[in-house]
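Here the protein sequences come in this chain order: H and D.
Taken in order, the first sequence gives residues 1 to 140; the numbers are from this note's numbering.
Taken in order, the second sequence gives residues 1 to 372; the numbers are from this note's numbering.
In case anyone wonders, no lab produced these hints; they're calculated from the structure.
None of these values were measured; they are calculated from a predicted model.
Careful: at least some of the hints might be erroneous.
Claimed, not checked - The calculated BS3-like cross-link candidates involving lysine-lysine, where the alpha carbons are at most 27 Å apart (straight line), are:
(1) K7(H) <-> K106(D)
(2) K53(H) <-> K56(D)
(3) K129(H) <-> K291(D)
(4) K104(D) <-> K86(D)
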Amino acid sequence: MSEFEPKIIAFLCNWCTYAGADLAGTSRMQYPPNVRIIRLMCSGALDPVYVLKALLDGADAVFIGGCHPGDCHYQSGNYKARRRVAVLQNILAQMGFDPDRVWLRWISASEGKLFADTMTTMVEQIRAKGPNPLKELWGV
Amino acid sequence: MNTRAFLEVKDGDTLGALDGFLRNLLERDIIQTLLVPQQVPAGDNIIQTLVSDAAKLESADPIAPVLPVQSARLVSNITASGVQGKVGVVLKSCEWRALVELVKLKQARLDNVLTIGIDCLGTYEVKDFAALSRQGISPTCELLSQAQRGRLLPHEGFTFRTACQMCEYPVPAGTDVRIELIGWDVSKAIALEAPEAMIAALGLAVGTATAEREKVLRELIAERIATRDRLLGEFRAQVQDIPALLAQFSTCLRCHNCMVACPICYCKECIFRGATFAHASPQYFIWARRKGAIRMPTDTLLFHLGRLNHMVASCVGCGLCTSACPVGLPVGTVFRAVGQKVQALFEYVPGRSLDDLLPLATFREDELQELG
């Protein structure tokens, strides 16, 4: 079997992190191609059900990117996202699922380098963790 | 300002005295409508009724140890788009606490509502309550005789609902009127707390609290907390990973009954019942190929985990989800166990106060900074 390549689903807010990812791309910065990006209008618009759906269907990790605290295009969406992620991680941990497979980070539109670096780090760390154990579980 | 008063009980007819009080509220026009549990003509169930004519208050039994439906939902139905006149609602503690959550979720209103909370002596499953009633036993009378000592035991061979066995809130706190049973000799008098003006209008005898009730309640609550910690501990010991969680839900039919019974699950258009997870046919084949096999229908665990994420912060632990489950899954215990830790994250106690903000509707700028 070939070396394990993590599959990461990224939910990025339209105003900051998505633009940051775009900047990384237009600046020709290299980062691992393990990330599948889904654009949202705001990190606060993310229903944790979609994060769960990705994990239960075998994504190895989920990344959620939003504007820095204080910079949300909608004033407070990122703060609300943070509470939802706190609840989600708490529940996952209670169920014995590694909560570090869900990352929340703030990356602005000007931080293309930070986006590329964060993705590189995340892919390395998830690769070290190994595949999502739910991938083999047909019952979920 | 609330004052303590007493309702006189004649010939040991506690229910009669309570009925008289409720009837009085209607007859003196303090309220124009009353939501109150009454015995059905068949005699084997107690259901909520919305009464506008005091003459139809024939068999009110707000003490009955049965909870076929969460009244918080009913209060939402009758108040969400405006109350006509003033309506009184008689609620057990878990119903009041769920109502507090629904008000904060903007699904119910309390203006022009007189909330009447009553001590809960525990509840049976509907089928058990019916079985006892058909044997000619009055579950209400049985428990009323135990109220004073607070040793509330179910009829031999029966049990209370699991949620009630571990309920540490037998007394509703914060309702406009509070009717007390536990720790009192209810064959002689019923204690209540109500606004001063109402007590004067009804000409009730004013009284004082006793230390006896406090002591009895303390013991009862300590016992319930011990049961709660044991049951939740057992659950946590069993569920250490996702396969163990799957085992808990292995017989789930995904009928959504738990969601329908839940007072907090208020969404008119639930994500799990819409088209969101009605996937295109080829998608199932993709998943089946990817995993080798998939459980059908899909998204069963997603449903439970999703519901946990959506509403566990507001779960008051009424356990109606467990009662509604056709295969007897301990849904309520899962929600209480998970809820306890999630609620602790924000030091939130669902149903405690209308002033505590919903954890997922608010935030602090300086919190959770380790997350991102």
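Checked hints:
1. K7(H) <-> K106(D): violated (40 Å)
2. K53(H) <-> K56(D): Outside the cut-off at roughly 51 Å; violated.
3. K129(H) <-> K291(D): holds (20 Å)
4. K104(D) <-> K86(D): holds (20 Å)
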